[in-house]
Amino acid sequence: MNALPARIGALLLLALALSLATEGFATATNLLNVLRQASLLFLVASGLTLVIIGGGLDLSVAANLTLSACTAALAFKATGSVAAAVATALGCGLAVGLLNGLLVAVVRVPAFLATYGTLWIASGAAYWLMAGRVVYGFPPALRGLGTGFVLGVPTPVWIMLAVAVAGGAFLFLSAAGREVFFTGANEEAARLSGIPVRRRRILVYGLSGLMCGVAALVYLGRVNAAEAGLGDPLLLPAVAAVLIGGTSLFGGAGGLAGTLVGALILTTVTNGLNLLDVGAAWHPFVTGTIILAALGADALLARRGA
Amino acid sequence: MRRVTAALVLATMLAAPPTARAADETIAAFSKNQVDPHFEGLRIGVDQAAAALGATVRHYVPTRPNNIAEATSQLEDVVAAHPAAALFMAVDARAQLPGVQRLIASGVPVVNYNDRAGDAPFVSYVGQDDFALGKAIALHLFDHLGGRGGVVILEGVRGSTTGDDRRRGFEAAARERPGIRILASQPANFQRLPALQAMENIMQRYPRIDGVIAAADAMALGAVEALAAAGRANVPVVSINGVPEAVEAVRDGRILAIAEFNGFRIGCVAANLAIRHLRGENVPREVLLPGAIITRANMAEWLVPFAQRRCPPPIPAT
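In order, the protein sequences belong to chains F and E.
Numbering follows our numbering, in which position 203 of the first sequence is assigned residue number 203; successive positions increment by one, without gaps.
Counting the second sequence from 1 gives a position; our numbering is that position plus 306.
No wet-lab data here; the hints were simulated from the structure.
Heads up, the beta-carbon is just placed ideally off N, CA and C, and yes, glycines get one too.
Among the clues, some could well be false.
If you want the footprint, here are the derived chain F segments under chain E, 3+ residues with CB under 8 Å [what the hints assert, rightly or not]:
1) 16 to 30
2) 48 to 61
3) 280 to 288
Using the sequences and the hints, build the whole thing.
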């Protein structure tokens with residue numbers, strides 16, 4: 001829980017080092033650029049954070065993003081309607097999420113396996129629907145969700161902030177949110193104290209799926225194309241963003257502010273590597289080292305504090 | 307047991323009229339993923355060439371794109387299935403070399419196609435010269451820029467032969483044009499979103515970029531979106547591949563030019579050579595297909611959907 005200040009410290013240290021190392025980093029446009037790049041990762045990771053806090057896991061997020069984006073793209077091409085694309089993305093995301101929720105809460109399949117199964121189903125459905133095609137070219141109304149600006153700040157950043165605030169309010173201010181924490185901390189105790197564990201489970205998986213639908217719209221807006229492998233690079237970074245942010249893999253502790261910081265750390269690393277023109281061969285090594293350094297600093301600080 | 311098998315084989319051979327000899331000719335064709343239209347074109351080329359000679363094709367494609375573990379286990383499946391011949395490309399040449407060596411040792415003739423899969427006794431290699439493609443398209447951009455300016459390179463996957471050879475080609479071209487400066491050369495994994503984000507990042511550092519070289523179409527299209535969103539749509543972008551979506555971008559002036567890396571033709575020629583080898587012909591050890599430079603002036607040919615294209619005439623026997 002108390003990892004958050006240390007992770008914010010790690011992010012600030014990383015930012016400080018990059019501002020000294022390269023002129024391109026500490027500019028308003030680059031910071032907005034990093035926020036915009038982090039938004040997609042954060043949106044995918046945000047619902048996942050709720051699931052993990054509730055003691056579950058959702059491995060299907062990236063595949064759900066893919067399927068939601070592909071179905072939305074096809075819906076737009078079939079109807080020419082942006083509203084249809086939005087409804088399809090959100091509906092598809094939510095449906096996959098609810099399927100996860102039912103599998104975990106009602107059929108009682110372990111979360112890892114249930115969502116591993118839906119990962120394959122969602123990707124398989126995307127491969128089948130797309131059949132090797134790329135669907136591309138969307139109208140300004142949809143593109144705006146990814147490339148637009150409101151008051152000088154990119155639209156996806158506003159969406160990210162809105163999700164962070166609404167999600168935080170849900171987790172920490174609503175009864176249902178607190179029940180998610182209890183469920184994750186000790187399912188048996190939660191059940192005995194009258195918390196509707198099953199309904200809370202379905203709720204968090206449904207929200208996780210819905211956020212994949214939102215992320216799918218931002219993706220289509222930004223990239224202007226959908227293909228069956230589009231979400232693949234996001235699964236591990238999404239899980240990493242949640243855990244770097246201090247949410248416990250064992251449930252019961254965490255929050256969206258941490259996930260935001262986690263997404264920003266991962267995005268900032270790539271931004272820095274690009275700005276410094278670090279050779280491709282070094283990217284994986286440097287990324288791993290910085291992530292471990294960010295986590296290790298925290299562990300050291302915690303030990304010294306104790 | 308062996309005698310029964312031999313009798314069965316003999317019976318099938320006798321039962322089949324000479325022209326339908328192809329009934330036993332099942333070709334296993336490997337490709338890397340189901341998402342890149344390049345491989346879709348390649349599979350259509352393989353199917354068309356095989357159908358023309360009356361052979362059957364079974365495709366092996368990892369369900370997770372470019373997944374080494376899955377591609378490796380599919381290779382093992384093919385060793386067990388023992389097809390008449392195989393068309394092979396590696397997702398990871400080093401990891402899959404022992405597997406393909408076993409396949410060849412088991413008596414299956416293998417044509418290596420698309421990109422080099424390492425040192426094994428292949429019947430033939432069919433591909434294109436990635437270094438030459440990289441160099442040609444980079445020179446095209448540099449000459450368009452009048453031989454001077456700052457250029458950004460978006461690389462594929464470091465460690466893949468395709469990606470590395472293309473990058474060496476870009477760099478060789480830059481050495482021939484001393485007025486060209488490589489501002490940044492960054493990896494984008496042959497994918498759209500990583501290319502878009504790498505381009506967004508590099509633009510933060512360089513207020514002026516005169517041109518962009520992408521090692522594949524998907525990355526070029528990602529870069530084009532990033533440049534357009536930043537109001538820099540006038541920066542010329544060049545690429546390698548020539549999938550229909552990218553050729554449309556050439557038509558619309560969003561991509562300057564593409565060095566053709568033609569999966570459809572590679573598939574056609576590789577399947578044709580494998581089947582003719584099976585039928586006792588001596589086929590060339592290596593076929594490097596030339597790649598055109600696709601520009602606005604000549605792009606119409608590459609807008610034809612793969613399924614409506616025709617395989618080129620067969621390469622003569624040696």
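- Message: Which constraints among the numbered hints does this structure fail? Numbers only, ascending.
- Response: 2
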